[in-house]
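Quick note, the sequences are listed as chains A and B, same order. Under this note's numbering, residue 389 is the last one in the first sequence; the count climbs by one each step, no gaps. Under this note's numbering, residue 107 is the last one in the second sequence; the count climbs by one each step, no gaps.
Derived by calculation from the structure, the hints in this document are not laboratory data. There's no promise every hint is true.
[Said to hold, decoys possible] Here are the simulated DSSO-like cross-link-like pairs (lysine-lysine), alpha carbons at most 27 angstroms apart as the crow flies:
id: 1; chain 1: B; residue 1: Lys42; chain 2: A; residue 2: Lys361
id: 2; chain 1: A; residue 1: Lys367; chain 2: B; residue 2: Lys89
id: 3; chain 1: A; residue 1: Lys367; chain 2: A; residue 2: Lys354
id: 4; chain 1: B; residue 1: Lys94; chain 2: A; residue 2: Lys382
id: 5; chain 1: A; residue 1: Lys363; chain 2: B; residue 2: Lys89
id: 6; chain 1: B; residue 1: Lys92; chain 2: A; residue 2: Lys382
id: 7; chain 1: A; residue 1: Lys12; chain 2: B; residue 2: Lys42
id: 8; chain 1: B; residue 1: Lys92; chain 2: A; residue 2: Lys354
id: 9; chain 1: A; residue 1: Lys367; chain 2: A; residue 2: Lys382
id: 10; chain 1: A; residue 1: Lys354; chain 2: B; residue 2: Lys42
id: 11; chain 1: A; residue 1: Lys354; chain 2: B; residue 2: Lys94
id: 12; chain 1: A; residue 1: Lys354; chain 2: B; residue 2: Lys89
id: 13; chain 1: A; residue 1: Lys359; chain 2: A; residue 2: Lys382
id: 14; chain 1: B; residue 1: Lys89; chain 2: B; residue 2: Lys42
id: 15; chain 1: A; residue 1: Lys354; chain 2: A; residue 2: Lys382
On a predicted model such as this, the values are computed, not experimentally measured, just so you know.
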Amino acid sequence: MANSANTNTVPKLYRSVIEDVINDVRDIFLDDGVDEQVLMELKTLLPRCLGICGWHSLWENKLMQSRAVDGFHSEEQQLLLQVQQQHQPQQQQHHHHHHHQQAQPQQTVPQQAQTQQVLIPASQQATAPQVIVPDSKLIQHMNASNMSAAATAATLALPAGVTPVQQILTNSGQLLQVVRAANGAQYIFQPQQSVVLQQQVIPQMQPGGVQAPVIQQVLAPLPGGISPQTGVIIQPQQILFTGNKTQVIPTTVAAPTPAQAQITATGQQQPQAQPAQTQAPLVLQVDGTGDTSSEEDEDEEEDYDDDEEEDKEKDGAEDGQVEEEPLNSEDDVSDEEGQELFDTENVVVCQYDKIHRSKNKWKFHLKDGIMNLNGRDYIFSKAIGDAEW
Amino acid sequence: MAYQLYRNTTLGNSLQESLDELIQSQQITPQLALQVLLQFDKAINAALAQRVRNRVNFRGSLNTYRFCDNVWTFVLNDVEFREVTELIKVDKVKIVACDDTGSNTTE
Numbered sequence: 001m002a003n004s005a006n007t008n009t010v011p012k013l014y015r016s017v018i019e020d021v022i023n024d025v026r027d028i029f030l031d032d033g034v035d036e037q038v039l040m041e042l043k044t045l046l047p048r049c050l051g052i053c054g055w056h057s058l059w060e061n062k063l064m065q066s067r068a069v070d071g072f073h074s075e076e077q078q079l080l081l082q083v084q085q086q087h088q089p090q091q092q093q094h095h096h097h098h099h100h101q102q103a104q105p106q107q108t109v110p111q112q113a114q115t116q117q118v119l120i121p122a123s124q125q126a127t128a129p130q131v132i133v134p135d136s137k138l139i140q141h142m143n144a145s146n147m148s149a150a151a152t153a154a155t156l157a158l159p160a161g162v163t164p165v166q167q168i169l170t171n172s173g174q175l176l177q178v179v180r181a182a183n184g185a186q187y188i189f190q191p192q193q194s195v196v197l198q199q200q201v202i203p204q205m206q207p208g209g210v211q212a213p214v215i216q217q218v219l220a221p222l223p224g225g226i227s228p229q230t231g232v233i234i235q236p237q238q239i240l241f242t243g244n245k246t247q248v249i250p251t252t253v254a255a256p257t258p259a260q261a262q263i264t265a266t267g268q269q270q271p272q273a274q275p276a277q278t279q280a281p282l283v284l285q286v287d288g289t290g291d292t293s294s295e296e297d298e299d300e301e302e303d304y305d306d307d308e309e310e311d312k313e314k315d316g317a318e319d320g321q322v323e324e325e326p327l328n329s330e331d332d333v334s335d336e337e338g339q340e341l342f343d344t345e346n347v348v349v350c351q352y353d354k355i356h357r358s359k360n361k362w363k364f365h366l367k368d369g370i371m372n373l374n375g376r377d378y379i380f381s382k383a384i385g386d387a388e389w
Numbered sequence: 001m002a003y004q005l006y007r008n009t010t011l012g013n014s015l016q017e018s019l020d021e022l023i024q025s026q027q028i029t030p031q032l033a034l035q036v037l038l039q040f041d042k043a044i045n046a047a048l049a050q051r052v053r054n055r056v057n058f059r060g061s062l063n064t065y066r067f068c069d070n071v072w073t074f075v076l077n078d079v080e081f082r083e084v085t086e087l088i089k090v091d092k093v094k095i096v097a098c099d100d101t102g103s104n105t106t107e
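All chains, full assembly: derive it from the sequences and hints.
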């Protein structure tokens, strides 16, 4: 097998590094006062305890997710963890909160616990809007329903924030449609009722700003029929505004929105400060964003735009270069480095012994490198290369 | 202090992400995470120096080169990496190489 050399050594090396690091940091952990139980808690969530403490199983899960290392885990675990790549553990507080609430179910079945653990180390995506915290709950209860790991994985295969409508397939084959609204709210509709999801809405009302509150959904399987409406979660305060068509509240004005939010949340700090706004629901707003007599403004703006365009053409500005300055755009010969969208940027991280150049012939003498090529990891102690520039 | 060079690898990134999650859930402090990463730097440097014994050759065309702060960064195109056992071809690869004589001071 041609691949045996590197595929065997890489996971072994990684494991040994992990173990070394774990051993070394355990003392640091204890010195820092971090409870060993933290490590143990994570450890119990692991399907296979390859190492000493559970904390680094989180690490191994990540390695698995990257799929750069073969043979690190079984395929089943890989399947499960691949799904986790698409999850966003943004509401970590609530994850933590749910941890306490659901301590017992976690311990029932190790496999199920594993799925929960897998949830938590999901890959992070910075641009993700609010993630449904409930996913962890959803999974917990799906675990309680003795879902297999694969089924759970399929259930979790929801790239949050990517598609507007997502369907969760529960273990009994139910379709839960998760609709993601524009403002990041998620509604869960239950077409059928075999696995019922109870959902608690815990909006976080924050005065002084329009915040889409986090929805905590505690999902508990319930037998019997439940109307689909119970599955629908209502969401942030903004909905209240959309329902109130008589008042168009510009989003830039943060003050009035919390005014109404406060009312619903029984907090009343701001309404008094904005007496005009509190009366707003009774009065049809015709100015501001609801201004209908904007024709004059548009004409004026058009004049400005024309002037600006002329200036741009004269200056050869950076914007709109393609259409307005075709001559200049051809001067740049070099390619962008990020010209293509690719999954793997092939990277080699190493140290150099010697770099030599003769005219345009380059010679590289490298050592101690880790390569990620075509998605896979390779390691070398020495590398010699040639290239022509 | 060992190079922090290897933090941007599969292993290093997964470690950092795991540490970030623990920080998010407030199970560890950022300071502790930093200590862990420093320990990782030492471990990976040592492991690569001692436990790996294989050689790779490669050939390609050099697209760009950069030498700054004693760090070489190359971008090569149409590269073939050849190990005794296998051949790997890539359209584009970025090579980041630190000087092997001594290590940088950490930030």
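Do the hints match the structure? See the list:
A distance of roughly 35 angstroms separates the Cα atoms of Lys42(B) and Lys361(A); the hinted pair therefore is violated under the 27 angstroms criterion. Restraint check for Lys367(A) and Lys89(B): the C-alpha separation of about 20 angstroms stays at or below 27 angstroms, so the hint holds. Of the pairs offered as hints, the one joining Lys367(A) and Lys354(A) holds, with about 10 angstroms between alpha carbons and a cut-off of 27 angstroms not exceeded. For a cut-off of 27 angstroms, the pair hint linking Lys94(B) to Lys382(A) stands: about 17 angstroms separates their Cα positions.
Of the supplied pair hints, the one linking Lys363(A) and Lys89(B) holds, its CA atoms being roughly 19 angstroms apart against a limit of 27 angstroms. In summary, the hint linking Lys92(B) to Lys382(A) is supported, as the alpha carbons are separated by about 20 angstroms, within the 27 angstroms threshold. The hinted pair formed by Lys12(A) and Lys42(B) meets the criterion: a straight-line CA distance of about 18 angstroms does not exceed 27 angstroms. Taken as a hint, the Lys92(B) and Lys354(A) pair is honoured in the structure, with Cα atoms around 22 angstroms apart against an allowance of 27 angstroms.
The suggested pairing of Lys367(A) with Lys382(A) holds, with an alpha-carbon distance near 4 angstroms, which does not exceed 27 angstroms. Simply put, Lys354(A) and Lys42(B) have alpha-carbon atoms about 23 angstroms apart, close enough for the 27 angstroms limit, and the pair holds. Under the criterion of a C-alpha separation no larger than 27 angstroms, the hint pairing Lys354(A) with Lys94(B) is consistent with the structure, at around 17 angstroms. For the hint pairing Lys354(A) with Lys89(B), the CA-to-CA distance comes to about 24 angstroms; that is within 27 angstroms, so the pair holds.
Restraint check: the Cα-Cα separation between Lys359(A) and Lys382(A) comes to about 24 angstroms, which is no more than 27 angstroms; the hinted pair holds. In summary, the hint linking Lys89(B) to Lys42(B) is not supported, as the alpha carbons are separated by about 31 angstroms, beyond the 27 angstroms threshold. Under the criterion of a C-alpha separation no larger than 27 angstroms, the hint pairing Lys354(A) with Lys382(A) is consistent with the structure, at around 11 angstroms.
The structure fails to meet hints 1, 14 from the earlier list, while all remaining hints are met.
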